[in-house]
Structure formats: C-alpha cells, structure tokens
Amino acid sequence: MIPMRTNGMPIVVGLVIFLVWEIAATNLWVDPTLLPPASRVFSALASLLSEASFYRHVEATLWLMAKGFVLAFLTGVPIGVLMGVNRSANASMSFYVDFFRTLPAAALIPMFMVLFEGDLARVLVIALSGSLIFAVACRSGVQSFEPERAQILSVLGISPIGRFFKLQMWEMLSELLVGARIAISLSFILATVIEMLLGAHYGLGDLLLSSQPTDKPTMYAVILVLGVIGFALNAVLQILDDALRRMGLLHTH
Amino acid sequence: MTIEIDRISLSYPDGLQRRVKVLRSVSFEVKPGEIVAIAGANGSGKSTLLRIIAGLLQQSEGTIRIHSDNAHRGSVSLVPQRYRESLFPWRTVWSNIHLMFEGVAGKQMSPAEVQRCILEALKTLEIVGLRSRRPITLSGGQAQLVAIGRAIAPCWPNTLLFDEPFSALDGANLRRAAEALIRVTQTRQTATLVITHDIDVGLLVAKRIVVLGHGTSSVKDIVESPSTGQLDFTLLANPGFVDCKTRVLKALVQ
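Chains as they are written, first to last, in the numbering used here: chain A, 1 to 253; chain B, 254 to 507.
Hints may contain errors.
Restraint ranges, calculated between C-beta atoms of paired labels, are given here [what the hints assert, rightly or not]: (1) A/Q238 with B/T481: 53 to 61 Å; (2) A/I239 with B/K284: 53 to 61 Å; (3) B/D451 with A/P160: 36 to 44 Å; (4) B/S278 with A/Q143: 44 to 52 Å; (5) A/V236 with B/A365: 52 to 60 Å; (6) A/L240 with B/V357: 44 to 52 Å; (7) A/G162 with B/T481: 39 to 47 Å; (8) B/Q483 with A/P160: 51 to 59 Å.
Quick caveat, the hints were computed from the structure, so don't treat them as lab data. Here a beta-carbon is modelled for each residue, glycine too, at the ideal position from N, C-alpha and C.
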C-alpha cells in the first residue's frame with residue numbers, strides 16, 4: 001500500500017482551500033448564490049446532521065448501494081472464476097462481459113426502468129455493473145497464480161478442483177479486493193445517480209438534487225457528506241487489504 | 254525407487270519452421286539410495302530435464318522409467334529453483350509441509366503418521382521453531398530449508414528432485430540440508446537428483462555428477478564421486494576429489 005501521509009499536510013491543504021473559498025465568497029469574487037461561503041455550508045451541514053430525516057437519506061443510499069454490491073459479488077465472483085478456470089466458458093462469455101463492462105453503467109438505467117419496477121430496477125443496475133467488475137477481477141486473479149506453486153500441486157497429483165481451493169482461490173484474493181474497491185465506488189456513484197434520475201423521494205442523491213435549486217449550502221453540504229462516505233468505504237477495504245497482507249494472506253506477483 | 258532416463262530429447266518449434274533442440278539423447282540412471290548431481294552451464298537444460306522427470310513437461314523422444322515396489326509408486330517431491338515462490342504464503346510452515354500429504358500418495362496415511370513425518374522433517378533440518386511462521390516472515394535460507402523440509406517429509410521411498418537446493422544456504426544450514434538429503438536418500442532408498450552449480454557440494458553429496466554440455470545439451474561426462482556416502486568436508490583437499498572436480502570443470506567448459 002502507499003503509506004498514508006500522517007504529517008498533517010492534507011489537513012493544512014484542506015484548511016487553505018476552505019479559507020480561500022470563504023474569502024472568495026464573502027468578498028463577492030464569486031457569486032455567493034452559486035458558491036456560498038464555506039461557513040454557511042458548514043452550518044448547513046451541522047443542521048443536516050442534527051435532523052433525523054438526514055440519516056434516513058444516508059441509510060437509503062447505503063442500503064441501495066449495499067444490496068447492489070452484495071448481489072454483484074454473489075454473481076460476479078462465480079462467473080469470473082468459471083471464466084478463469086474454463087477455457088470454453090471464457091470464450092463464450094468474455095465478449096459479453098467486456099461489452100457490458102465498457103458500456104456506460106448509467107446508460108442501463110432507462111432500460112432497467114422499463115424492464116423492472118421500483119427498487120428492483122435500481123438494485124439490478126448496480127448489481128450488473130458491479131458484477132462485471134468482479135468477474136473481470138476474478139478471471140484475471142484465478143489465472144495469475146505462481147507457476148512454482150502449481151508445479152508442486154501437479155507433482156502431487158492434485159485435481160483441478162483441489163488446485164482451485166488450495167491455490168487459485170487464495171491467489172485470486174489480491175485482485176478480488178482491487179475489484180471490490182472499484183465495485184464499491186461504482187456502486188456508491190450509481191446509487192446516488194439512480195436516486196437523482198429515478199425520482200426517488202429519499203436518499204442522498206434525491207436530497208442533493210432537491211436542494212440544488214433553492215438551498216445551495218445544503219447541496220454543498222450533501223456533496224461533502226458523499227465525499228466522506230466514499231472515502232470511508234474505500235478506507236474500510238484498504239484496512240482489510242492491509243490486514244490480510246500483514247497476515248501474509250495477500251501477496252503481489 | 255529407480256529412475257532410468259533413456260535417450261531423452263526435447264525440441265520445440267521456434268515459430269520459423271525450425272525446431273530448437275534443448276536436450277539431445279540424455280541417458281543416465283539413479284538407483285535406490287543414490288544421489289546423482291547434474292551440472293551444466295546456464296541454459297543447458299538442467300531445470301528442463303528435471304521438469305520432464307517430474308512429469309511437468311513432455312519429452313519429444315526417449316523414455317523415463319520410474320520403478321518402485323512401493324504403494325506410493327510415482328510420488329515425486331520437487332524443490333524448484335524459485336523455492337520461495339513454491340511456498341504457499343497463506344499457509345504456515347507446518348501447513349506448507351502438510352501439503353505433501355494432501356496428494357494421491359499421502360492420503361493413504363493416518364493423521365498421526367502424517368504428523369510424525371512432518372515433525373521428523375522439521376527436526377532433521379532443525380526448523381521446528383519455524384512451524385507456525387508464514388513464509389513472508391522467513392529469511393531466504395529459512396525459506397529454502399522449509400522447501401527442502403517439505404520435499405523430504407513424505408516417509409516413503411519416492412523421487413526427490415532438487416533444483417539448486419543449497420543456493421541460499423551456507424555454514425551450518427548447508428551442512429544440515431546436505432546431511433538430511435544424504436540420510437533420507439539412504440534410509441528410505443529414494444532416488445535423488447540434485448541440480449547444482451557448486452561442483453564441490455555436488456561431489457560431496459552425490460555418488461556421481463552428470464555434466465550437460467553447452468547449447469543443445471547432451472551428456473558430456475558422468476563423473477563418479479569419491480564421496481563415501483557421508484558428508485565429509487575433508488575430502489575437499491583429497492587429490493582424488495580434486496581430480497574429479499577438474500574433470501567436471503573440463504567437461505563443463507568444453
């Protein structure tokens with residue numbers, strides 16, 4: 001992992017940005033109706049944090065994201081593993097995986113709105129996009145095992161199924177975690193976009209869009225909250241990655 | 254356990270309608286309880302030959318016969334040149350060695366027997382203290398000892414194939430590993446092949462050295478070692494030993 005800077009520089013940079021922002025907005029260098037001063041955004045944030053309804057918005061977004069992410073994991077991992085270990089499965093599926101993976105995920109939203117209803121459509125958009133990321137990560141992870149270890153298993157006469165559970169499953173972990181970090185970011189982005197596009201009446205995406213015309217400080221406060229949640233999700237997976245690496249369970253080729 | 258290598262050749266297409274010859278009619282034999290060393294210049298096909306014997310690569314011509322009266326017929330232990338990469342990082346040292354008993358041959362043993370064999374291998378190499386460690390925490394020499402330990406753990410006569418097994422070892426560790434190889438080979442009547450670039454060590458542990466030539470490798474010479482079946486460093490100054498070494502070196506640079 002790239003060591004996180006602990007010398008306080010990020011905090012200093014953040015303070016400078018907020019300071020410049022505050023000065024620019026209060027001195028009317030920018031239109032304060034478009035960019036209100038940082039202090040007003042923080043007070044909007046404080047009042048958001050004190051409202052119970054705000055947490056229902058957070059919960060709705062995270063719950064939507066989590067359902068899509070888990071479904072993506074449960075479908076994408078077996079597909080990727082199958083493609084990784086079986087040549088004909090890979091040959092028959094790789095075009096479709098690559099096609100849908102490179103298709104902008106948001107373009108699927110209208111199609112899923114037509115095919116499915118309500119929450120199911122929202123979850124499926126996230127699940128499909130995320131599952132393709134998991135599939136690609138696992139396909140590559142399963143195939144990139146250390147040949148020396150495979151040789152040891154070969155001379156022992158261990159079956160392909162044994163080879164998967166004794167070797168490939170473990171070798172795959174590194175890339176699976178990289179896939180998980182990309183998939184969780186995408187799931188979070190899509191959850192927010194879906195709440196904006198599908199006219200949901202809850203969720204941070206809806207709160208962001210509904211505050212945009214009349215309440216700019218709240219809009220900026222929601223953006224800050226989204227940033228913090230996104231960072232925290234990534235950090236959780238980074239901590240997991242570090243812990244597994246320290247235990248020697250993950251390795252780089 | 255006997256390995257008979259009979260006129261083994263290997264060639265493969267180079268993509269330009271020609272065939273690259275790697276090994277040419279290599280023949281020699283490893284009898285039960287014998288260590289045979291293979292020496293050769295870089296790229297002479299030593300590791301390739303080992304992989305053919307291990308069944309990981311198919312020769313173009315010739316036959317390999319592995320005879321055994323034992324129920325564990327055909328079982329092979331391998332220490333590849335990249336020994337550290339051959340260890341499974343998510344397993345402890347004990348569990349890495351346990352792997353040897355998870356294959357076809359090892360499944361015939363009871364858990365108590367397996368435990369006894371693993372412990373014996375760890376004791377032989379004096380690495381019992383490493384049993385709970387993961388490979389990432391081991392030094393180069395310790396990792397090599399674990400790889401050797403894993404290879405010698407099966408308590409039945411098998412084929413031991415070692416590719417540069419002493420490359421990271423010196424001093425007491427080298428002595429321990431070399432003695433373990435000699436003892437296991439003799440007591441279990443295994444057929445042991447050791448690739449080495451260190452002629453001294455090769456002559457000290459092996460009954461003979463097979464020298465592979467440059468380019469398309471064929472056997473240039475087979476030199477009988479004056480070693481007595483025990484690791485004896487005083488042999489290094491023995492005139493007979495020096496003659497053998499000179500003969501090997503001559504064959505190597507031919």
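Verification of the supplied hints:
no., hint, result
1, A/Q238 with B/T481: 53 to 61 Å, "59 Å, holds"
2, A/I239 with B/K284: 53 to 61 Å, "57 Å, holds"
3, B/D451 with A/P160: 36 to 44 Å, "38 Å, holds"
4, B/S278 with A/Q143: 44 to 52 Å, "36 Å, violated"
5, A/V236 with B/A365: 52 to 60 Å, "43 Å, violated"
6, A/L240 with B/V357: 44 to 52 Å, "36 Å, violated"
7, A/G162 with B/T481: 39 to 47 Å, "42 Å, holds"
8, B/Q483 with A/P160: 51 to 59 Å, "44 Å, violated"
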